[in-house]
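Protein chains in written order, with the working numbering: chain A, 1 to 724; chain B, 1001 to 1253; chain C, 2001 to 2247.
Since the hints were derived computationally from the structure, they do not count as laboratory data. For clarity, every value in this text was computed on a predicted model and none was experimentally measured. Just so you know, even glycine gets a beta-carbon here, dropped at the ideal spot from N, CA and C. Wrong hints could be hidden among the right ones.
Just a few of them, taken from the derived set where beta-carbon distance is under 8 Å, the chain C residues facing chain A [what the hints assert, rightly or not]:
#: 1; residue: Val2060
#: 2; residue: Arg2078
#: 3; residue: Thr2091
#: 4; residue: Arg2094
#: 5; residue: Ser2095
#: 6; residue: Leu2108
Derived CB-CB ranges, DEER-like [what the hints assert, rightly or not]:
#: 7; chain 1: A; residue 1: Val258; chain 2: B; residue 2: Gly1065; range: 35 to 43 Å
#: 8; chain 1: A; residue 1: Phe287; chain 2: C; residue 2: Arg2233; range: 53 to 61 Å
#: 9; chain 1: A; residue 1: Leu379; chain 2: B; residue 2: Ala1168; range: 30 to 38 Å
#: 10; chain 1: B; residue 1: Gly1065; chain 2: C; residue 2: Asp2121; range: 36 to 44 Å
Output of the computed footprint for chain C on chain B, the stretches with three or more beta carbons under 8 Å from beta carbons of chain C [said to hold, decoys possible]:
#: 11; region: 1031-1040
#: 12; region: 1145-1154
#: 13; region: 1178-1186
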Amino acid sequence: MTTLLDYAIPGVPFGCVFALMAVGLVLTYKASGVFNLAFGAQAFVSSLAFVSFVADGWPRWLAGLVAIVVLGPALGLVLDRVLFRRVRTASPLVKLVPALGLLIALPQVALIVAGSAPDIAPPSLFFDAQRVYLHVASVPISGLELSVTVATVAVVIALVAVFRFTPIGLEMRAVVESPRMTELAGVNAGLVSAFAWVLSSCLAGLAGVLLAPLYAQLDSQNYTVLLVWGIAAAVVARFASLPVALLGGIGLGIGQQVLAGYLPAGILATGLRPSLPFFVLLAFLPFARQRQVDDPLAGCDPPPTALVGEATGYRSANLLAPSGGDGAGHAVAGWHRALQARADRGAGVPSAGAHGVVDRLASRPTLVVAWAVGGLAVLSALTWVPNVWLVTMTQGIAFAVIFVSLTLLTGMSGQISLCQASFAGLGGFVAGQLADHFGTSVLVGMVLGGAVAAVLGVVVALPTLRLAGLPLALATLAFALLADNILFPNSWVGNGATGVTVPRPQLGPIGFNGSRSFFVLALVVLALVAALVRTVGQGRMGRLLAAMRGSELASVSTGIDVHRLRVVAFALSAGLAGVGGALYGSLERSLSPDAFNYQLSLVFLVVAAIVGLGSVSGAVVAGLVFTALQTEVATFPPRFSGLLPVVFGLATLSYTRHPEGIVDFLGGGVLRALGRRRQGAAGAGGGDGPGAGPGPADRSSARTAARSAVATGEVAVPEGGGRS
Amino acid sequence: MSDLLVARGISKSFGGVVALSELDFEVAAGEAVGIVGPNGAGKTTLFNCLLGVIPPDTGTVLFDGERIDRLPVWRRSRLGIGRTFQRVELFHGMTVADHLLVAAQARATGRPHVRDLLRRGGPGEEEMAAVASMLALLGLEDVADRPVDGLSLGHARLVELGRALMAAPRLLMLDEPSSGLDVRETERLAGILDDVRHRQGTAVVLVEHDLELVEEVVDRLCVLDFGKMIAVGSVDDVMANAEVRRAYLGSSA
Amino acid sequence: MSTASQADPVLVLEGVSASYGPYRALFDVSFSVPAGAVVALVGANGAGKSTVARVASGLVPASAGRVLLRGHDVTRRRAFEIARMGLAHVTEGRSVFGSLTVEENLTLAFRRALGHGGVADALARAYEVFPRLGERRGQLAGTLSGGEQRMLALSRVLVLRQDVLVVDELSLGLAPVVVDEVYEALGTVRSGGTALVLIEQHVNRAFTIADGVVVLHKGRVAYDGDVAGAAARLDELVLGGPPAAAP
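Please put together the full structure from these sequences, using the hints given.
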């Protein structure tokens, strides 16, 4: 019994560390509607500032004050203004991506600004971190433990008081649901939102500074690890209750100390203890289901903005599409024209011709860019490109396969996956292990690796069937972390620290040892995968997936078995990711166990979302761009080695403005100009079609119309109140 | 008259608040039944319990003689029960035509995936023809290519109705379909319901506050109050019921 | 109501145009609402009624024209400022905070206007208007039935004294007996000096308490005048022509 207490009591201050993170997450979620995965990164920024100031000779209290009360809130204000205010009422994906981008980018930006992490042991704000101030049941309590415990409890009490006894608490929750409706009650929603972020950023600053002495060296990774524990505690609190978040954190702290005390040494101890938060996550997530509350006044926004308001893998039924076409298809011609074209075909009238080509291209910018980039790449690869670059491009293709798998899952069906890298890794390990143990051909191994990854996909999908949005994203994150800690270190999977060798494939007499031949192989694999996903996207399944992401309730009421659909989507996507991972492994000839760790999953989602989740071609571009940048940045001087994350982090800024993806947006600009010129010419000729048409027929032409600001006549006006 | 839908002893309470209490309800094949009642009487909850969106605390539901109260929502839909929602539930981001196409393809049998691959994803001729005729029936041709997110409430309700009708349901459950429609749109709705009933013999359950529409459409009227049926009968009889006047109609009777 | 205040309109729209992106919703809409008067705003779906309400309350910006509230130009004001100046807007559809309880919904509206001390009293009055809400005060508003949510939205503004009350789709989803209660409550509000702008499906019902009628057709004002004139030409005005020849 005494031993249990001996383990449990030190768990309390540990738990308060987790609780501080959890309270920050819950507070931000309640007050701003964003599950701020960048909370740990914000904490790191403040701790870095604090330690740097102290290293520069500032008094500790001043350094702490500036880091917590000035820097933290300033950062929060900026984040609110430029980023989170825009996504407050957006879909879970659109809310998650900027936070993930910041998680990746913020620490690197801070390090670039600060030069490097100061070379001193992080000091403590109150008390002497190491000194023992008192004993509880003969367990010594250090200054660090004391300060963390006292501060956390005080913060929770203060915040509960704010929410219970001041109007601002209620107003923050109201603004999260509908800023406009809050304004109708006479409340300045902008001010409330800014306050929410200042408050939460203050807390992040406090956490950063308080927890700095926990580690011998400042490292943003440490804060990310703490954040994962914090996420678990926040889920226990169902994202809502601050006191429960505190208790949950303390519970986790005690739990991990007790586990550490009682578990025998070995893989279980090293794997299980860090996995505790993920078991807790999986156990509690089903109870943390969120009512998705739509902003009833979203209709006040111009409809085109609302329509491109999130990445959609799905495009309307392309009824004409005879051949070619974008990954997900597109209603270029629209229903009327399709019917007309059918009638014309029947009457022997020749179809649209050149006129239609420009039109079609203009509405598929991603496609054009992808074909242009892809065509150039292949051409140069096979002719003059040096070997180094050829390998880079092949890497890009392997990543593109994985990105395409995300297009299917997240783009088309709206399921957020934060374990896509784990699927890829598993595929690679299986291919390697099969070749190693059974001499299986790597080409077969790729397929089998994909199959095993697909099975893992089903394993992930089944327990999460009833989860959606944020809880689903966190559950997949938990799986990724479990894979990292428990699955991959095994000798029969990722083979511990050594990793797995994956040979290059051999197909009869043809070997793929050369860079050029492997490049062609990779290209063929990508083409097959892309064609498959494109067909799925255009077909019945893509349409049902789009319906499911549109409204699950309406889908089941229309007779769609959404559970089965989700399992199939997860399995297919995981399988394709597995193939991509095997391809990558074979290219590199080996895979280390952390080659596809959970952080890569986060990066995958962010990159894919920013570049364009909406189409297969967007995913291909994402793969190529990602690898090219990665390779290029590796040649920069050390201080700027963090530049790649910064680029992607900052690109999230663009994402909140153009959730359809950067490629679609940029490519669209050029081609729209082209289309406009054509339109202008046609307009001069008397215009086409009935003047009082029903308004923009498809999404891209709606966008075109929005940009060129042609408000021609009395289109049927959407009053936008349709979705109450 | 054979009973198409029979519900017996349906009860449901939410955290102590009784929404439905030992409710019996039945619909005969081809019949049109109206349900009216004060706000919060449990009309939408009854819908959700019958359709499986909310599991009732007690009670059984039979459709065409078979127990369906353990089936998931999508199975009940495939048995031939279509519905619309009081708060419009559309597939965000999809066009009007696609809503109908989804409904046409949702219950495809055979090997839809294989067909998909062969057809490279496009919808089939017969599916397109079905969509086209439904668009014509509802008068939605002009907005067929519009994403539903910008539609007026009137159009949105028609899209929901069309989506439910695509499966040629034997029972159509409509939750305040005329709410938010203007006079002309309501007339059109009544016309469509009439057409569907007479051509396909579809039974209709209509929750509605527009009494003119109710009178025009239904054969039988039920009044729900505090989770209980307080009156059932012909429209005239029910409207004359004193308790109904007090609880629901007020001065407009 | 003095003649002076009659001559002094409390809400004026002057040549207002508005768009949602490429969709133009309003074209040069002008009308005024005298203090304490009731104006029924009618028209077919998509005629722009809701947009007029949203421009008036600052939810949607006017692309041209001016909006005057008690003589002040509020065209460029934010919605919360206009709300504080005395214009209340009950939007169509769900117009309550689903993630807050009934009482929290009401408190949010009352605390700004009345201060902490006035909330309890205002709550009591709201529950008096709609006793059903009192029974459900601790329930999340999102779990109320559609009609109860309308009651909640209305009770928020019925209790507070306003200069102008704009109600979009007044009786939508309400049982007839509740519609009676709402009109009764509106009568009380009006006799307290609040001007009303009613957007109402049941045109004839709205006409029973309206002083004036504005008819919108495809985003333009098709009629602005007294009730009798509107009632006489209702079909033509609202539906943009005589009803389609019935077979």
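Outcome of the hint check:
no.	hint	verdict
1	Val2060	holds, 5 Å
2	Arg2078	holds, 7 Å
3	Thr2091	holds, 6 Å
4	Arg2094	holds, 4 Å
5	Ser2095	holds, 6 Å
6	Leu2108	holds, 5 Å
7	A:Val258 / B:Gly1065: 35 to 43 Å	violated, 58 Å
8	A:Phe287 / C:Arg2233: 53 to 61 Å	holds, 59 Å
9	A:Leu379 / B:Ala1168: 30 to 38 Å	violated, 53 Å
10	B:Gly1065 / C:Asp2121: 36 to 44 Å	violated, 58 Å
11	1031-1040	holds (count 5)
12	1145-1154	holds (count 4)
13	1178-1186	holds (count 7)
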